[in-house]
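Protein sequence lines correspond, in order, to chains A and B.
In terms of our numbering, the first sequence has 27 at position 26, counting the first letter as 1, and numbering is strictly consecutive.
In terms of our numbering, the second sequence has 412 at position 379, counting the first letter as 1, and numbering is strictly consecutive.
It should be emphasised that the hints constitute simulated quantities derived from the structure, not laboratory data.
Heads up, a few of these hints could be off.
Unchecked claim - Computed cross-link-like contacts, SDA-like style, restricted to lysine to any residue with a CA-CA straight-line distance of at most 20 Å: (1) A/Lys46 to B/Glu250; (2) B/Lys355 to B/Asn294; (3) A/Lys154 to B/His492.
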Amino acid sequence: MHRLEEIWLTVSCGILIIFMFIVGYQAFALEMGPPSHMETIDPQKVDQTEPFDNPGVFEIGENEYEVVMTMQTFGFTPNKIEIPVGAEVHFTLTSKDVTHGFQVAGTNINAMVMPGHIQKISHTFDEPGEYLVLCNEYCGIGHQVMATTITVK
Amino acid sequence: MEHAKKLNIKETSKKLLGVNPADAKLSLSYFTVAFVSLLIGGVLGLLQGLERSGIISLPSWLTYYQVLTAHGLLLLVVFSATFTIGYQYANLSHSFGGLLPKVRKLAWIGFVLMVIGTAMAATMIILNEASVLYTFYPPLAAHPLFYIGLVLVVVGIWFCCFGVFINYRHWRKNHPGQTTPILAFFAMGVFVLWFFASIGVATEVLTLIPWAMGLVETTNVMVARTLFWWFGHTLVNIWYLVAVSAWYVIVPKIIGGRHFNEKLIRLVVILLVILNIPGGFHHQIIDPAISVPIKFLHVFMSLSIAVPSLMTAFAMFAVFEKTGRKLGGKGLLGWVKKLPWGDVRFLAPMIAMLAFIPGGAGGIVNTSNQLNQVVHNTMWVVGHFHVTVGMSVVMTFFGICYWLIPHLAKRQLTPKMNKIGVIQTLIWTLGMIIMAGSMHIAGLLGDPRRTSYTTYSDHPTALSWIPYEYMFAIGATLLLIGVIIQVYAVFNMMFFAPKGHTEYPVAEPEDGAPAAPLWTERWGLWSVMLLLVVAMAYVIPIVDMIMHAPPGSPPIRTW
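Pulled out of the complex, with its shape left as it was, chain A reads as follows (with noise of 0.2 Å):
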């Protein structure tokens, strides 16, 4: 092999293992892995089924919230969220038929939701304002419309 080929392939190489350790410590050390919830649900039971026979927002602790939401073509239950400034919110979510993505844009908070499995993501909202939340998997003839807010103040 080339001297200037390994030079390129050792450097190159290189710059893949550390950006895999500073992916592994803010996965593992930062804990702010990909969202990865492991329970499952029966997805044409989820009416039935704690917690989302009773979805809504819920204070759990001081400025900290927790959301149960169930996603179905085409909206979110509960819809139209309020919280205060600072708050950190964790999203409890399912979906009730197909597969929905969970997204607020302007934030991290980005998460598939299928149907049979609850997914958990979590995020602290520190700047005053009216979020967009939309549905980012297409789910059908109202995909477009799938949409709601979170307004922070």
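Once you've looked at the hints, dock chain B against the given chain A.
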């Protein structure tokens, strides 16, 4: 020995007489389907660009999601597969001095199956019975005929795989102790990978057919999704491997140089084949039901595919510099000027290679856990694959057309057609930069993919995306102009260009270069290693998805 001698005579006579007409007819038939698909898919692409930005609204009998499903199927499956088969079979015929008659027959059976399968799937899409998009994630349930059509397409591809395997084995048997010509080696890589990749999607679709017919009540959506990406991402790398075959072997000849060290080229092919399939998991980084450690393992497995690409980057630029200097290029960058920029056979694949620099970097972003979470299912991803597929792969395919089609049709590439090709390349490049560039930015701002025109009740965030969506439409318009020129060029070179001989540009090794080692031909071993890597990647998550499966989902139609 006697037989081998006869074969050699056959090969020499082929070199004198040109392409075997029966083989040429086969490849040209595949190209005809490819470019008709490209034309229809391109028109659908423009419709999407215009609808997405609110410039037009589609009639009630044709929805955005029908258009999107057809665009994906026609371009990502039909165009790419038929072009690949046409090109790889031409390479095989050229390398082996003609295909075996039974192999040709297999490829024709594959052709018929793929055409019937595509027609069935397309009919269901047109009838609005299959608006499930290219990924057809259950529990969205299309008409059973849509899935049966897909099965026929996959079986058609398998016939072509077996054809390549049989012809390869035959040649090796008759040339003991010899390594196969490099283009035939690439063809083996492509079809071995294709065979193993399509096992995933075939398994998925075969479980979906009885479910869509109502014979089985529910299906496991997570397993289906995982099997889809086993295939879906590997497909991307099959196209890439096809493009790479032209970069390594064809482009050096066109610029008047020699190809890079053959041992390294073969190593790149082997690595791409062995490492590829687990890459599919990075499409599921924000899925439930796959644990964080498993996802981290897959970041590693996806990133490992970058290594052969980095080797390719070095090799190609080494070839360019060496050739440019040989042609008299002076100074640090003088060799760049010596490259034949006015030759479409070089210009198109060269821009394709340059596009792989941002394309590959974007791919590393997409595969990295937290970064994926920022861009997943946004327009960023659409921008990304229009750079990688729409530029790196498709522009290489376009560049191949300008010598391969006249060669097969026993016609010439005229200077005028070369000029048309250069103009086409420039229009395409500009269109892709405008469209994919604005898609990347809109995606970072949160604009979701696979969504028809919407302002989400005039939400200010959504309104801020609209200017970028206009840019998508402008880019898509240029791209359709590019498609029309390309389709014109292809059919002109097939049927109307002046008769004559066009060279099949296959680069030679450097003088005194060592012969390629025979151990690289151990495809049985490479297949076992591929399966080992697949087992490492898939056994734990899939067993977990099945053992801890929730009650399944019934078929649902939401369109």
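Hints, one by one, checked against the model:
Under the criterion of a C-alpha separation no larger than 20 Å, the hint pairing A/Lys46 with B/Glu250 is consistent with the structure, at around 15 Å. A hinted pair counts as satisfied when its Cα atoms are at most 20 Å apart, and B/Lys355 with B/Asn294 qualifies at roughly 13 Å. For a cut-off of 20 Å, the pair hint linking A/Lys154 to B/His492 stands: about 17 Å separates their Cα positions.
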